[in-house]
Amino acid sequence: MLIGPACILIVIFKLYPILRTLIEGVFYNGHWGLETYIRLFHDNTFWNSLWVTIKMNIVITPIQLVISLIFAFLVSTAVKGISVFRTIYYLPVTISLTVATLLWNMMFDVNSGILNSILNTIGIPNQGFFIDKKQALWCIVAIANWKGVGYWMMFLLAGLKGIDTSIYESAILDGATWFKRTIYITLPLIKNTILFVLVADTTSNMLLFAPMQIVTRGGPQGSTNVLMYEAYKSAFQFVDRSRSSAIVTILLIMIGTICVFQFKLLTTEEED
Amino acid sequence: MRVSVQAADYRGGRLTMTRKVISHAFFWIVLIMIAIFTMFPLLWGIACSLRSDTEIFKYARPLSYHTFVPVKFSLDSYIRIFRDFKFQRPLLNTFYVSAVTIIAGCLINSIAAVAFAKFKFKGKKIIFVAILISFMIPFESITLPLYSVVNSFHWVDTYTGLIVPCLADGLVLFLFNQFFKDFPESILEAAEIDGASIPKIYFKIIMPLSMPVFVTAALMVFMNEWNAYLWPLVIARSPGIRLVQIAIASFKMERVTLWSCLYAASIISALIPVVFFLPFQKYYVQGITSSGIKG
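First to last, the sequence lines map onto chains Y and U.
Numbering-wise (our numbering), the first sequence opens with residue 1 and increments by one.
Numbering-wise (our numbering), the second sequence opens with residue 1 and increments by one.
Among these hints, one or two may not hold up.
[To be verified] Just some of the chain U residues that point at chain Y, by a computed CB distance under 8 Å:
1) Ser23
2) Ile34
3) Met39
4) Phe57
5) Ile163
6) Ser238
7) Ile241
8) Ala249
9) Leu258
10) Leu262
11) Phe277
12) Val285
[To be verified] Distance condition first, Cα-Cα at most 27 Å in a straight line; then the derived DSS-like pairs of lysine-lysine:
13) U:Lys20 - Y:Lys161
14) Y:Lys55 - Y:Lys134
15) U:Lys282 - Y:Lys191
16) Y:Lys264 - U:Lys20
17) Y:Lys133 - Y:Lys55
[As the list claims (entries may be wrong)] Over the 12 Å line for every Cβ pair with chain Y, so calculated as not near, a few chain U residues:
18) Glu140
19) Leu144
20) Glu185
What the hints contain is simulated information worked out from the structure, not anything from laboratory work.
Idealized CB from N, CA, C, for every residue including glycine.
Same shape as in the complex, but just chain Y (with noise of 0.2 Å):
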């Protein structure tokens, strides 16, 4: 069978692993139970880990859809020479978050760091950044959006260039704003890929790991301790492999829950 290599590799490294993940979670010390979800509960670090997941995931990923969007339009004009900007904004996406956190990492540094330079040249204190428990996460989520929305700004392009401007002429005939164009013509016919990167987005935002696993390893004072961090932590670092999973379950069960709230949302608006 020609689908027989892709298939064995499918299943033995992909959906095996899920399964085992999902088990993994309710087996504790030999045999079945809860146990591992309950001590999870009673876990101030797992409710801490949450909330900064929480917290970050509410803030970055309505950021993201919009300067994306934002993006999207400035570069769908048509005009000579769109294409180079269009490929300046999607070149961060072709960097790694590993480097990109490296890059940002050393500019955001508190003494020697560019940005600071530039505060200070217009008046503002130093600021602690990644140093402060108060700025850290928000560090991390400009870095994600700067390498982010380039991405999901490709998506929402291509949505755009598919829309027939045989629709606007009636609109703009009848006196109609860009403004309002936009929000009662262009964006409900691109509802189908804003609900696309809507999810995407919110997928790899939960997951998002690497800044914290190199800059500030989930601190200071467990601010950036996402859950993700956690959970890499509990099996690289503690060998705590039921509750590594557990986390994972919780965190695709989330990620699950918002994905079919996003569709919800974006399929009645539909019916009004």
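Knowing the structure of chain Y, use the given hints to seat chain U on it.
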């Protein structure tokens, strides 16, 4: 400004012209500012990689011309990362792993995709749905159990462990499938009547006619492999088979103060995918967006 623009609307004539000029200028200014913001970390990184650490720290503040432009250009940091820190090792490792994954991965996924697109067989739908699920579940979430699977094969710290789990990729398979669905049936039938075997049809007919999709898939796999972090981090731990992203991250952890070298390493690893991406960007973006929108 808004008031004046509206006023211009009514007066028409020359003022509409100024209005157009203003909004055009505004549009370009916004475009350019975003471009500067987007490119800034890269340009800054390049500038810093071309100077010594002393210079970086000396001119860090207050802000001046020399904060951005090196006083003395030097390639020392680039020489050092190769001579002292053996940066070529992770680079070559990553090229090797990427090359094997691209060739084997494209073969395996495209062959399966041909089967899905052109043949009828029992359970086709169920298997295809299972494959779709496999690429909707993010890789990060299965990393930990995947580690124990690979561990039970004794593949930890081997190239096999780095490569084999990443070969079959639902997204790449899906991309091929989308393309092969529109592949003209008549060509395949003609070949079959001529008595060509399936491997012959695949290598002599399908492959040469599907080059764009192969390029897209190869580039997709390359970007994934080049930028992969979590999987190589857990599976390839010994310095000998470290991949590039891990090498840079650990370099940062071990030698915190060597900024110029860190910048140099970052710039090299950032520019390599860019070099591969630029000539094929049209295919790549098309491939990615079409697989996303139809999926």
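| request: Check each numbered hint from earlier against the structure, then list the numbers of those it violates in ascending order. | output: 1, 5, 6, 7, 9, 16, 18 and 19
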